[in-house]
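Asker: Residues per chain are reported as follows:
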Amino acid sequence: AQSVTQLDSHVSVSEGTPVLLRCNYSSSYSPSLFWYVQHPNKGLQLLLKYTSAATLVKGINGFEAEFKKSETSFHLTKPSAHMSDAAEYFCVEGSYIPTFGRGTSLIVHP
Amino acid sequence: SQTIHQWPATLVQPVGSPLSLECTVEGTSNPNLYWYRQAAGRGLQLLFYSVGIGQISSEVPQNLSASRPQDRQFILSSKKLLLSDSGFYLCAWHRERRKGNYGYTFGSGTRLTVV
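Sequence order for the protein chains is A and B.
In this text, residue positions in the first sequence follow our numbering: the first is 9, and each later residue adds one.
In this text, residue positions in the second sequence follow our numbering: the first is 254, and each later residue adds one.
The following block holds chain B by itself, in its conformation from the complex (with noise of 0.2 Å):
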């Protein structure tokens, strides 16, 4: 079946420290990847997504970067953090789109508090 990994599910980072999250997903090959962060009562931002491996879009400027150095691996990223990049970051697959539309799965989630 497919499933998709997220971690850590909560971290609290210092201003100006560097940042690594990681999904994974399991049981499909080739999926489209996305990075959304989720604002405190707002909704959510598309941050970066990927059709492929080292294919990389950004859809907002900002002090994150992502990488996919594997087919089922996305990794959001920053080398300092600021306090406004606080918040709830969410990945999420979707099917290449040639083989249909059936929505997108997400992951549970990583809650990033700068302090």
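Isolated chain A (complex conformation) (with noise of 0.2 Å):
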């Protein structure tokens, strides 16, 4: 069965830092995997996507993520934060039936 663990329930950086927000998946074939962001009382919007071609994946706003096998990882990252990257994201392993990771809280400070 698939399963998609999201390491940090919160993840607290200040403006201008990196963000790194970590997920690990199983899954007994080729996963499809992907990252959401959910603003407050909004739906989700797809971030990025991995689907078997580059193992980097550049997504919107400067988000990239990173697949490694050998690890089961698919971290969420980005050189350096927003105010307004400040929202719940999801990890999402979508092969077959969507399975998500529970999210991470982004808090930015000033």
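Some hints could be false.
What the hints assert, rightly or not - Taking lysine to any residue and the SDA-like style, the derived pairs with C-alpha atoms no more than 20 Å apart in a straight line are:
hint	chain 1	residue 1	chain 2	residue 2
1	A	K76	A	K50
2	A	K57	B	R348
3	A	K50	B	K332
4	A	K50	B	L299
5	A	K77	A	A95
6	A	K66	B	T263
7	A	K57	A	T13
8	A	K50	B	R364
9	B	K332	B	T263
10	A	K77	A	A61
11	A	K76	A	A62
12	A	K50	B	Q298
13	A	K50	B	V265
Everything labelled a hint here was simulated from the structure, so no lab data went into it.
Two chains, each in its own frame: build the complex with the hints.
Answerer: Structural data, given as structure tokens:
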């Protein structure tokens, strides 16, 4: 069965510093992995996706993620955080029935 | 272009009243459709998914039901709401898997408060 683990429920950074949101997956076949962002009381917006092409995936708003099969990880990074990045982030394994991680709340301090 | 519409945006309903949330997709055919619920401070829970008209799969036992009367319409219903049905409900669609995995597109959500 698929599962997705987001290792941190909250991540707090200062504006201008790097962001790292961690995600580990388990899947018995080649995974399709996604990161979504959700601002308060809004739907989910797709940031980026990995579907067995390049292992380093670039997304919108300066985010990127690296697929590491040996570590079963798909961590989300951004070199420099902006205040507008404060939101809830979800890692999803979606090769069959979509499986969501529990989410990581990103807090950005001025 | 492909869009997904979900309504209403917010809803306050008394315990024991019925519920109907609607989701429609435009610009695609034969989408896979999903209903999720997000309770306060928790992740997303898959409630139902559908791969075609009249085909509904339920992921968890609950007080809710779903129907797909048309290819691009997905309805979430309840005959009698419970307090525990409160939450943020999201509809999503996904391209038929044979056509590639482009991710899931979500509606803007419905905030349901049962009082």
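Asker: Run every hint past the structure and note whether it holds.
Answerer: Results of checking the hints against the structure:
Restraint check: the Cα-Cα separation between K76 of chain A and K50 of chain A comes to about 30 Å, which exceeds 20 Å; the hinted pair is violated. For the suggested pair K57 of chain A and R348 of chain B, the alpha carbons sit about 14 Å apart, so the restraint of at most 20 Å is met. The suggested pairing of K50 of chain A with K332 of chain B is violated, with an alpha-carbon distance near 26 Å, which exceeds 20 Å. Between K50 of chain A and L299 of chain B the alpha-carbon distance is near 17 Å, which keeps this suggested pair within the 20 Å criterion.
Straight-line distance between C-alpha atoms of K77 of chain A and A95 of chain A comes to about 27 Å, which puts the hinted pair past the 20 Å bound. Only pairs whose Cα atoms come within 20 Å are accepted, and K66 of chain A paired with T263 of chain B is rejected, the gap being roughly 34 Å. Between the alpha carbons of K57 of chain A and T13 of chain A the distance comes to roughly 17 Å, so the proposed pair stays at or under 20 Å and holds. Of the supplied pair hints, the one linking K50 of chain A and R364 of chain B holds, its CA atoms being roughly 10 Å apart against a limit of 20 Å.
A distance of roughly 19 Å separates the Cα atoms of K332 of chain B and T263 of chain B; the hinted pair therefore holds under the 20 Å criterion. In summary, the hint linking K77 of chain A to A61 of chain A is supported, as the alpha carbons are separated by about 13 Å, within the 20 Å threshold. The straight-line distance between the Cα atoms of K76 of chain A and A62 of chain A is roughly 11 Å, inside the 20 Å bound, and the hint therefore holds. At roughly 16 Å between alpha-carbon atoms, K50 of chain A and Q298 of chain B fall within 20 Å of each other, so this suggested pair holds.
About 17 Å separates the Cα atoms of K50 of chain A and V265 of chain B, which keeps this hinted pair within 20 Å; it holds.
Comparing the model with each numbered hint stated earlier shows that hints 1, 3, 5 and 6 do not hold.
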